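Enquirer: Each chain, letter by letter, is given below.
There are 2 protein chains.
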Amino acid sequence: MDNNKHRYCVIMCGGIGSRFWPYSRTDKPKQFIDFFGTGRSLLQMSYERLLPIVPKENILVMTNARYADKVREQLPDISPDRILLEPDRRNTAPCIAWAAYHLAAIDPQASMIVTPSDHLITRESVFEQCVLRGFDFVENNDALLTLGIHPTRPETGYGYIQIGRELEPGLLKVKTFTEKPDLELAKVFLESGEFFWNAGIFLWRAEVIKKAFHRYLPDLASEFDLGESVFGTPAETEFIQTHFPSCPSISIDFGVMEKADNVYVECVDFGWSDLGTWTSLYDNSPKTADSNVTQKCRVMTYGSSGNIFMTPEDKLVVVSGLQNYIVADAGDVLLICPRSEEQRIKNMVIDVEQRFDDRYL
Amino acid sequence: MDNNKHRYCVIMCGGIGSRFWPYSRTDKPKQFIDFFGTGRSLLQMSYERLLPIVPKENILVMTNARYADKVREQLPDISPDRILLEPDRRNTAPCIAWAAYHLAAIDPQASMIVTPSDHLITRESVFEQCVLRGFDFVENNDALLTLGIHPTRPETGYGYIQIGRELEPGLLKVKTFTEKPDLELAKVFLESGEFFWNAGIFLWRAEVIKKAFHRYLPDLASEFDLGESVFGTPAETEFIQTHFPSCPSISIDFGVMEKADNVYVECVDFGWSDLGTWTSLYDNSPKTADSNVTQKCRVMTYGSSGNIFMTPEDKLVVVSGLQNYIVADAGDVLLICPRSEEQRIKNMVIDVEQRFDDRYL
Chain A
17 MDNNKHRYCV IMCGGIGSRF WPYSRTDKPK QFIDFFGTGR SLLQMSYERL LPIVPKENIL
77 VMTNARYADK VREQLPDISP DRILLEPDRR NTAPCIAWAA YHLAAIDPQA SMIVTPSDHL
137 ITRESVFEQC VLRGFDFVEN NDALLTLGIH PTRPETGYGY IQIGRELEPG LLKVKTFTEK
197 PDLELAKVFL ESGEFFWNAG IFLWRAEVIK KAFHRYLPDL ASEFDLGESV FGTPAETEFI
257 QTHFPSCPSI SIDFGVMEKA DNVYVECVDF GWSDLGTWTS LYDNSPKTAD SNVTQKCRVM
317 TYGSSGNIFM TPEDKLVVVS GLQNYIVADA GDVLLICPRS EEQRIKNMVI DVEQRFDDRY
377 L
Chain B
17 MDNNKHRYCV IMCGGIGSRF WPYSRTDKPK QFIDFFGTGR SLLQMSYERL LPIVPKENIL
77 VMTNARYADK VREQLPDISP DRILLEPDRR NTAPCIAWAA YHLAAIDPQA SMIVTPSDHL
137 ITRESVFEQC VLRGFDFVEN NDALLTLGIH PTRPETGYGY IQIGRELEPG LLKVKTFTEK
197 PDLELAKVFL ESGEFFWNAG IFLWRAEVIK KAFHRYLPDL ASEFDLGESV FGTPAETEFI
257 QTHFPSCPSI SIDFGVMEKA DNVYVECVDF GWSDLGTWTS LYDNSPKTAD SNVTQKCRVM
317 TYGSSGNIFM TPEDKLVVVS GLQNYIVADA GDVLLICPRS EEQRIKNMVI DVEQRFDDRY
377 L
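If you read the sequences in order, they're chains A and B.
Each residue of the first sequence is one higher than the one before, starting from 17 at the first, in my numbering.
Each residue of the second sequence is one higher than the one before, starting from 17 at the first, in my numbering.
Just so you know, these hints were derived from the structure itself, not from any lab.
The reader is advised that the hints may include incorrect statements.
If several chains are the same, the list does not tell them apart, and a pair holds so long as it fits within one copy or across any two.
[Unchecked claim] Calculated cross-link-like contacts (lysine to aspartate or glutamate; reagent style EDC-like; alpha-carbon spacing at most 16 Å):
#1 Lys-226 to Asp-269
#2 Lys-226 to Asp-285
#3 Lys-196 to Glu-274
#4 Lys-331 to Asp-348
Computed from a predicted model, the values in this text were never measured in an experiment.
Using the sequences and the hints given, assemble the complete structure.
Expert: Below, the structure is given as structure tokens:
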């Protein structure tokens with residue numbers, strides 16, 4: 017394992033996951049929740065998935081300062097200096113820039129994988145092989161590598177990556193990134209075989225992504241260049257406090273990946289879902305004989321099917337005559353909503369905020 | 017008010033109201049619940065309704081020993097010796113027999129109204145007039161008087177009283193008591209004008225009902241006759257502890273009213289409901305613009321109507337696309353059930369007991 021000492025994992029853990037309200041809340045977002053009732057949160061699953069790939073001390077968690085305690089509680093093995101606390105929410109580009117500057121300072125040969133903390137990956141050994149191959153690739157190429165997921169359905173909730181020239185089987189140049197398509201277009205994408213889901217998982221060397229920031233997001237790069245001498249030192253925290261909030265709020269996809277000319281995709285298939293919606297959670301969860309998803313909840317159903325329940329562990333839920341609903345009881349909030357209307361939940365959250373301020377957010 | 021010093025009110029308060037599970041529970045039955053979110057339980061409303069009719073100290077509460085604290089807490093004005101604690105559940109006849117023996121002992125001229133504690137009466141001044149007239153009647157006649165409610169719909173959930181010979185307007189001999197009819201029969205009853213709802217509210221003199229017990233429930237009367245010397249004395253409690261559990265469990269309707277030949281009905285119309293079902297609660301509650309009953313609950317509805325919500329006071333309930341359901345969140349239990357299936361709730365409670373013992377009862 018000596019050959020992996022320059023390999024780092026960066027877990028992005030600052031999101032608020034508002035689509036899973038009321039189960040995800042501003043003080044306990046999606047990544048901290050035990051979504052499948054397995055006793056492990058999505059963050060914990062993400063962390064454990066990376067353990068076989070890099071030395072434990074090479075795993076970094078980027079999160080918002082308000083979630084510091086949550087991260088420490090859920091990942092007690094991680095050394096406090098491996099938890100980087102963002103003083104503000106600034107989307108993925110500033111987060112990744114900080115991680116890259118930090119790693120380049122402590123290890124000029126650093127290569128890194130950047131991964132969300134709130135996705136599901138079911139085939140962990142396949143994931144491991146794919147990531148190892150990705151590290152090999154970016155260590156030998158000045159490349160920005162993204163993982164593209166073999167699509168299995170005309171999903172309209174994901175961005176797609178169009179593949180170009182093949183370097184070797186499963187490793188190709190990226191032709192274009194596309195936004196979420198409508199259903200018609202998604203069907204065309206699926207049939208063409210040229211489009212892969214953008215999982216938001218990236219690999220590169222720290223120096224290579226720093227170069228890309230200078231070229232495509234020079235304002236952001238200049239901000240971090242001011243601290244070149246402090247990264248990896250005790251002064252880093254204070255520098256970030258001052259300068260991070262000045263960064264533009266922009267995604268790495270829009271700011272860098274869609275513009276750079278050295279972007280590659282590794283086409284993979286390791287049972288991935290972004291768990292972005294209740295329906296994706298429903299689809300990825302074991303079902304009862306009546307096609308309900310009850311997790312560890314105590315649910316008794318009568319003439320009810322296709323529902324997904326998330327309720328406190330000891331609560332008894334008795335349901336009759338309910339088809340295809342989300343029933344989410346978060347203690348102080350109860351949501352009952354047809355699965356087909358889940359897109360409206362974010363508007364309901366806005367209504368709730370208007371009426372009750374942040375009490376139920 | 018001197019003429020009412022021999023008049024007594026007996027509030028029966030020992031029921032468990034299982035049809036309103038999970039909101040009514042064995043440790044907090046229906047009568048103790050603030051059903052309408054007015055800040056007063058059904059028992060408190062029943063008590064306050066009687067205050068203008070008899071002297072406060074002439075109000076008696078019959079309840080199960082396990083509810084003693086609840087009664088004292090909700091009716092702090094009542095002197096402890098006016099709360100008669102049944103050591104066991106024995107239906108209405110033994111309860112009423114005890115009340116009658118007790119009152120006859122402390123006041124041989126006692127007349128009494130016996131009333132449930134968990135019904136709704138909306139026109140309290142009409143109620144008062146009807147009860148005063150009833151007292152006048154039973155004080156001048158050796159009569160067992162029941163109040164018959166003018167029916168307003170072909171209700172299949174109530175028993176009916178068929179009227180016979182009229183003594184004076186609105187005061188008639190009872191011809192028969194009938195059990196709950198099916199819908200066809202209920203329609204015939206309604207159209208005939210001869211049938212009234214049996215509200216389970218009775219008036220008589222204590223001596224007269226004691227005589228009826230001797231004639232129609234001699235076993236029960238013998239049991240209480242054994243304590244003739246102790247009623248109204250400190251020895252009464254111990255006597256009841258010993259003898260009450262030996263009483264047959266039987267209703268006053270079946271045991272006495274359906275058999276006696278001196279039964280009369282006062283036909284009344286004071287906005288009565290037994291609140292026996294969620295639908296009757298729905299019907300008797302104010303509605304939102306969307307025809308939902310939300311009480312004091314914090315409910316936000318989207319495309320939802322005809323529902324009744326009972327949830328903890330500070331809980332936010334967000335509901336979309338739900339029509340005509342009962343949503344009852346009792347903290348440790350959540351029930352979601354179409355109103356049209358409310359008759360099945362009692363079977364669900366049996367299932368719950370089989371699976372979880374009495375944890376959620």
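Enquirer: It remains to establish, for every hint, whether it holds in the given structure.
Expert: Now the hints, each set against the structure:
1. Lys-226 to Asp-269: The answer is within: 15 Å in one copy meets 16 Å, while 88 Å across copies does not.
2. Lys-226 to Asp-285: neither (29 Å within a copy, 84 Å between copies)
3. Lys-196 to Glu-274: within (14 Å within a copy, 74 Å between copies)
4. Lys-331 to Asp-348: both (13 Å within a copy, 5 Å between copies)
This entry does not satisfy hint 2, going by the numbered hints stated previously; all others are met.
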